[in-house]
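Chains Y and P, in that order, are what the protein sequence lines are. Following our numbering, the numbering of the first sequence begins with 1298 at its first residue and continues without gaps. Following our numbering, the numbering of the second sequence begins with 518 at its first residue and continues without gaps.
Read the hints as simulated data drawn from the structure, not as lab findings. Beta carbons are placed, not taken as given, at the ideal position from N, Cα and C, and that holds for glycine. Worth double-checking, as some hints may not be accurate.
Stated by the list, open to error - If you want the footprint, here are the derived chain P segments under chain Y, 3+ residues with CB under 8 angstroms:
no., stretch
1, 555 to 565
2, 623 to 629
To be verified - Simulated DEER-style distance windows between Cβ atoms:
no., chain 1, residue 1, chain 2, residue 2, range
3, P, Asp615, Y, Gly1390, 28 to 38 angstroms
4, P, Gly569, Y, Lys1351, 28 to 38 angstroms
5, P, Gln568, Y, Glu1312, 41 to 51 angstroms
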Amino acid sequence: GIQVEQSPPDLILQEGANSTLRCNFSDSVNNLQWFHQNPWGQLINLFYIPSGTKQNGRLSATTVATERYSLLYISSSQTTDSGVYFCAAQGRGAQKLVFGQGTRLTINP
Amino acid sequence: SAVISQKPSRDICQRGTSLTIQCQVDSQVTMMFWYRQQPGQSLTLIATANQGSEATYESGFVIDKFPISRPNLTFSTLTVSNMSPEDSSIYLCSVWTDTEKLFFGSGTQLSVL
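Chain P on its own, in the form it takes in the complex (with noise of 0.2 angstroms):
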């Protein structure tokens, strides 16, 4: 398994600025995501986050809304930026480990005013 710690847990935002939520990972692993869960809803891939190149978007992301930073393979950073209360959601980051499981952080709960 991995341990995946994800900050922060949750936050209140306004209207228009930026958050960034970090997720660290115990192991290193070669595959990162990032998923959103609105509220009652399912998980949705926001994007693959591909260590030492650009972050690859599902359909419906993009870069400028939801840079996404990989350093190295312990480490990744989703930025929501110019945010609107439709942006409030739990964030979750993810590994796919040599297992095959995909294991997540414990997410972050953001909420826009």
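One chain only, chain Y, in its complex shape (with noise of 0.2 angstroms):
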């Protein structure tokens, strides 16, 4: 099945700082989403970015399939902003999303 690698594993940065977090899988995909998890566990859909680029406030999404990459990026990092950010790929053929290992990120004021 398709493997999604996230990078970097960790992330700290100061409030106001700007951030890029990567997801990297291994075929062809069908779907592609980022999540947010905050601190108390609840999951957020953050993105539906199978290819393309989008944007919602602060936050926007690029996926370029043919590479097999996408990118999270997060202008203006808020405290708020803290939690684990997850990449889901479903490649073509499959019925489920396979997630990466996460990235944790760390806004500190």
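Build the complex: two chains, separate frames, hints provided.
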């Protein structure tokens, strides 16, 4: 099945900084999504982005399907952005999303 | 989007007992999934809950340990049977909507003593 790798595993930044999180996947995808798990454990769907670029406020994401990677950009980080960011991909012919190991983001005031 | 109610939110159980987790969705959905998140780890799919038929289990998960029911298109249960401390995890119900997005319930934090 598809393999999903995220980098970096950990990222510590000051409030106001920008960050880029990367997700590499091993095969063509039908579906790719980004999630944020807040410190209380709730998983929030950020983007459905199998290809192209999307923006939602300070967050944006780009998937280059031909090169098998996706990037999540966070601008002007706030402490509430802290948590774990997961990328999940569905390979062609599969009926499930496979999650990467996540990037733990800590934003210090 | 979908609103997913999952309960209990947390429980502490004794070794050898069973716990049933309930998941209620505010709309009819075809695809419902159960995930496990072990401490400090990513999410691992346990099974796909199929309405009106047996669940489809992933490698490493079996029906005797994790029986699943899906009586209709808005409700599912996951039972963790004959628990051991290794079953201590967060268990998450999720649904795949017709917008192709996956949404999660708030999870059940299970501790087994």
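Okay, the hints, checked on the actual structure:
1. 555 to 565: holds (count 6)
2. 623 to 629: holds (count 3)
3. P:Asp615 / Y:Gly1390: 28 to 38 angstroms: 20 angstroms, violated
4. P:Gly569 / Y:Lys1351: 28 to 38 angstroms: Cβ of P:Gly569 to Cβ of Y:Lys1351: about 36 angstroms, so the range 28 to 38 angstroms holds.
5. P:Gln568 / Y:Glu1312: 41 to 51 angstroms: Roughly 46 angstroms apart at Cβ, these two residues keep to the hinted range, so it holds.
Violated hints amount to a single one, hint 3; each of the other numbered hints is respected by the structure.
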